[in-house]
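Number of protein chains: 2
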Amino acid sequence: MSLLTVGTVAFDDIETPSGRAEKIIGGAALYTSIAASYFVRPVNLVSVIGDDYPEETLGYLKKRGVNLDGLQVRPGEKSFFWAGKYYRDLNTRDTLDTQLNVLATFDPVLPPAYREVDYLMLGNLMPQVQMRVLTQLRRRPRLVVLDTMNYWMNSAMPDLMKVLKKVDVLTINDEEARQLTGEHSLVNAAKIIHKMGPKYLIVKKGEHGALLFQANLMFYAPALPLAEVTDPTGAGDTFAGGFIGYLAKTGDLTFDNLKRAVIHGSAMASFCVEKFGPERMMGLTPAMINKRIAQFAELVRF
Amino acid sequence: MSLLTVGTVAFDDIETPSGRAEKIIGGAALYTSIAASYFVRPVNLVSVIGDDYPEETLGYLKKRGVNLDGLQVRPGEKSFFWAGKYYRDLNTRDTLDTQLNVLATFDPVLPPAYREVDYLMLGNLMPQVQMRVLTQLRRRPRLVVLDTMNYWMNSAMPDLMKVLKKVDVLTINDEEARQLTGEHSLVNAAKIIHKMGPKYLIVKKGEHGALLFQANLMFYAPALPLAEVTDPTGAGDTFAGGFIGYLAKTGDLTFDNLKRAVIHGSAMASFCVEKFGPERMMGLTPAMINKRIAQFAELVRF
Numbered sequence: 005m006s007l008l009t010v011g012t013v014a015f016d017d018i019e020t021p022s023g024r025a026e027k028i029i030g031g032a033a034l035y036t037s038i039a040a041s042y043f044v045r046p047v048n049l050v051s052v053i054g055d056d057y058p059e060e061t062l063g064y065l066k067k068r069g070v071n072l073d074g075l076q077v078r079p080g081e082k083s084f085f086w087a088g089k090y091y092r093d094l095n096t097r098d099t100l101d102t103q104l105n106v107l108a109t110f111d112p113v114l115p116p117a118y119r120e121v122d123y124l125m126l127g128n129l130m131p132q133v134q135m136r137v138l139t140q141l142r143r144r145p146r147l148v149v150l151d152t153m154n155y156w157m158n159s160a161m162p163d164l165m166k167v168l169k170k171v172d173v174l175t176i177n178d179e180e181a182r183q184l185t186g187e188h189s190l191v192n193a194a195k196i197i198h199k200m201g202p203k204y205l206i207v208k209k210g211e212h213g214a215l216l217f218q219a220n221l222m223f224y225a226p227a228l229p230l231a232e233v234t235d236p237t238g239a240g241d242t243f244a245g246g247f248i249g250y251l252a253k254t255g256d257l258t259f260d261n262l263k264r265a266v267i268h269g270s271a272m273a274s275f276c277v278e279k280f281g282p283e284r285m286m287g288l289t290p291a292m293i294n295k296r297i298a299q300f301a302e303l304v305r306f
Numbered sequence: 005m006s007l008l009t010v011g012t013v014a015f016d017d018i019e020t021p022s023g024r025a026e027k028i029i030g031g032a033a034l035y036t037s038i039a040a041s042y043f044v045r046p047v048n049l050v051s052v053i054g055d056d057y058p059e060e061t062l063g064y065l066k067k068r069g070v071n072l073d074g075l076q077v078r079p080g081e082k083s084f085f086w087a088g089k090y091y092r093d094l095n096t097r098d099t100l101d102t103q104l105n106v107l108a109t110f111d112p113v114l115p116p117a118y119r120e121v122d123y124l125m126l127g128n129l130m131p132q133v134q135m136r137v138l139t140q141l142r143r144r145p146r147l148v149v150l151d152t153m154n155y156w157m158n159s160a161m162p163d164l165m166k167v168l169k170k171v172d173v174l175t176i177n178d179e180e181a182r183q184l185t186g187e188h189s190l191v192n193a194a195k196i197i198h199k200m201g202p203k204y205l206i207v208k209k210g211e212h213g214a215l216l217f218q219a220n221l222m223f224y225a226p227a228l229p230l231a232e233v234t235d236p237t238g239a240g241d242t243f244a245g246g247f248i249g250y251l252a253k254t255g256d257l258t259f260d261n262l263k264r265a266v267i268h269g270s271a272m273a274s275f276c277v278e279k280f281g282p283e284r285m286m287g288l289t290p291a292m293i294n295k296r297i298a299q300f301a302e303l304v305r306f
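For the protein sequence lines, the chains are A and B, in the order given. Using the working numbering, read the first sequence as starting at 5 and increasing by one per residue. Using the working numbering, read the second sequence as starting at 5 and increasing by one per residue.
One thing to keep in mind: the hints can contain errors.
The calculated lysine-lysine pairs, modelled on BS3-like cross-linking and capped at a C-alpha distance of 30 Å, are [to be verified]:
{"hint": "1", "chain 1": "A", "residue 1": "K209", "chain 2": "A", "residue 2": "K263"}
{"hint": "2", "chain 1": "A", "residue 1": "K199", "chain 2": "B", "residue 2": "K279"}
{"hint": "3", "chain 1": "B", "residue 1": "K209", "chain 2": "A", "residue 2": "K209"}
{"hint": "4", "chain 1": "B", "residue 1": "K209", "chain 2": "A", "residue 2": "K279"}
{"hint": "5", "chain 1": "A", "residue 1": "K295", "chain 2": "B", "residue 2": "K169"}
{"hint": "6", "chain 1": "B", "residue 1": "K209", "chain 2": "A", "residue 2": "K89"}
{"hint": "7", "chain 1": "B", "residue 1": "K209", "chain 2": "A", "residue 2": "K203"}
{"hint": "8", "chain 1": "A", "residue 1": "K89", "chain 2": "B", "residue 2": "K195"}
{"hint": "9", "chain 1": "A", "residue 1": "K279", "chain 2": "B", "residue 2": "K279"}
{"hint": "10", "chain 1": "A", "residue 1": "K295", "chain 2": "B", "residue 2": "K209"}
{"hint": "11", "chain 1": "B", "residue 1": "K27", "chain 2": "A", "residue 2": "K209"}
Distance windows between CB atoms, simulated [claimed, not checked]:
{"hint": "12", "chain 1": "B", "residue 1": "A291", "chain 2": "A", "residue 2": "G186", "range": "31 to 37 Å"}
{"hint": "13", "chain 1": "A", "residue 1": "K295", "chain 2": "B", "residue 2": "A291", "range": "36 to 42 Å"}
{"hint": "14", "chain 1": "A", "residue 1": "M200", "chain 2": "B", "residue 2": "Q183", "range": "37 to 43 Å"}
{"hint": "15", "chain 1": "A", "residue 1": "T96", "chain 2": "B", "residue 2": "V77", "range": "56 to 62 Å"}
{"hint": "16", "chain 1": "B", "residue 1": "V77", "chain 2": "A", "residue 2": "M200", "range": "53 to 59 Å"}
{"hint": "17", "chain 1": "A", "residue 1": "P116", "chain 2": "B", "residue 2": "L221", "range": "49 to 55 Å"}
{"hint": "18", "chain 1": "B", "residue 1": "P21", "chain 2": "A", "residue 2": "N261", "range": "35 to 41 Å"}
Taking beta-carbon pairs under 10 Å as the criterion, some of the chain B residues facing chain A (in silico) [said to hold, decoys possible]:
{"hint": "19", "residue": "L104"}
{"hint": "20", "residue": "N105"}
{"hint": "21", "residue": "V304"}
No lab work stands behind these hints, which were simulated from the structure alone. Ideal Cβ positions, reconstructed from N, Cα and C, are used throughout, including at glycine.
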């Protein structure tokens, strides 16, 4: 079924304990669409870039079945740029630089063909921009997944609350779930978030895995312990891409299938962190993905 | 098969975001022996207390099948006392007071009948004291489990390395595994720890669950997300009690059964944290434990 992802396509400078990477391709919608493309095609992408983005990357995306009809290219302008540095534990990072460039005036215009999408991934963006996507839809998608962050909770909470009312799945990390609800227990936080709108909550805990909540149901997906984590950038967006891509492929929204979607998202994220940027994700095969999913199954089997 | 646990029996003052508890019973060997007693009896305990310890507690332990022949009671002296305060995230705590009292001169003398024990749990104590237990054994136990902490890594590393050579299972938290090995990746840390002696490593991650490593095998046991965590004190020792108690009951040291033992330990720990001190653990039934283990199975099933 049809899938649309809206979010950033960007350049990143990244420093981690493993090394540095300069001006590499990144952005939530890039990671999400690459991950999703292993499960469903086309992946429709809505984003904005300057005329400085590599043709090679755009060619790669097209080859992977990512439809770029909704990708605005602004002549004479520069793409969104982010620079960050991760600390040793890889869970904390400092933003060293943010240059909004084309993102400052981003208006996500959906091509007419995208307005009846079945599966919609709203990447981390200003809540007003996320809402602007929803208002262009001609009918409600089967599933709307939204990612956000503490920055919007601090600066745009009323807008965030409005958009949450229209969302099925919220993906945030544990600290953000606590901030959003004022509840330390994730079980209680999930109950409050359900009342805000999202029927499902996915709490991303990085190396500690992910939790899926629906009403009184819970599912704990571990993260695969890895010998080397090179760069966590994009892991959450990759998770979202594997998750929604698997759901779009299977078309099954039972809790049992959502669990499998979480495992598929976790497997994709476990690849993502092995190299800088999306590099590791760009050369996968279905056999490699299936092998990793089997490792996840083995990891928790008792 | 026979089980021996050596460790502290103490009084604790505990402050958590849920409230305060003053001079309640505690200590690693107390938690471990109560947890283990749900799986195997007798649980042989070696520890030391002053004459200030409640008769009621000693009576309760006996009733639960805990053999106190190895519990030294020092007339006119006071039991070990610890006071601590937990922060909101419950993962960090400050020690407010430590009064070693009887523990300062603790010499763990094993009654002759304990010197051919099959399953030995060495609770967190000075590594020299842990070694003193091992030197009294007439033959190697089937399984030796050792708990330790960063304090001994900072102050008694050579002694800790000596005792680790004689241990099968090391249980520590993730930060301690990293400190002990200098490796951030737990996969790599496990490899280094295997070379130090322990064939198995269990990394306790609190609300994020526990990891079991043996050679190239890994198992991830989740923690059960709880609506309320009242007091994490003793959760690690309770985990150890459930783990070794289940192994002593089943007598099966395959990796598959060690996984089940980790789940039993996790289930016991999930009860422990629901009330202050060991209170919650003191009123369990096999049916309650089995129900919780089923919840763990459901939590990861996909």
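Comparing the hints with the structure gives:
At roughly 16 Å between alpha-carbon atoms, A/K209 and A/K263 fall within 30 Å of each other, so this suggested pair holds. Annotation: proposed proximity of A/K199 to B/K279 holds, straight-line Cα distance about 28 Å (limit 30 Å). The hinted pair formed by B/K209 and A/K209 meets the criterion: a straight-line CA distance of about 12 Å does not exceed 30 Å. At most 30 Å may separate the alpha-carbon atoms for a hinted pair to count; B/K209 and A/K279 meet this at roughly 26 Å.
Annotation: proposed proximity of A/K295 to B/K169 is violated, straight-line Cα distance about 36 Å (limit 30 Å). Distance restraint check for B/K209 and A/K89: the Cα-Cα separation of roughly 25 Å lies within the 30 Å cut-off, and the hinted pair is therefore satisfied. Simply put, B/K209 and A/K203 have alpha-carbon atoms about 29 Å apart, close enough for the 30 Å limit, and the pair holds. Our distance criterion of 30 Å between C-alpha atoms is met by A/K89 and B/K195, whose separation comes to about 28 Å.
For the suggested pair A/K279 and B/K279, the alpha carbons sit about 44 Å apart, so the restraint of at most 30 Å is broken. With a C-alpha separation of about 26 Å, the suggested pairing of A/K295 with B/K209 holds against the 30 Å cut-off. In summary, the hint linking B/K27 to A/K209 is not supported, as the alpha carbons are separated by about 36 Å, beyond the 30 Å threshold. At about 36 Å, the CB distance of B/A291 to A/G186 agrees with the hint of 31 to 37 Å.
With their beta carbons about 40 Å apart, A/K295 and B/A291 fall inside the hinted range of 36 to 42 Å. Between A/M200 and B/Q183 the beta carbons are some 40 Å apart, a value that agrees with the proposed interval 37 to 43 Å. Range check, A/T96 to B/V77: Cβ separation about 48 Å, and the 56 to 62 Å hint is violated. In this structure the hint that B/V77 and A/M200 lie 53 to 59 Å apart at CB holds, the actual value being about 57 Å.
Separation of A/P116 from B/L221 is about 54 Å and conforms to the stated range, judged on CB atoms against 49 to 55 Å. Hint check: B/P21 to A/N261, Cβ distance near 37 Å, so the stated range 35 to 41 Å holds. Contact between B/L104 and chain A, as hinted, is not supported at the beta carbon level, the nearest pair being about 33 Å apart and thus beyond 10 Å. With a least beta-carbon distance of about 34 Å to chain A, the hint placing B/N105 at the interface is violated under the 10 Å criterion.
The criterion of a C-beta within 10 Å of any C-beta in chain A is met by B/V304, whose closest approach is roughly 4 Å, and the hint holds.
Hint violations for this structure: numbers 5, 9, 11, 15, 19 and 20, all remaining hints satisfied.
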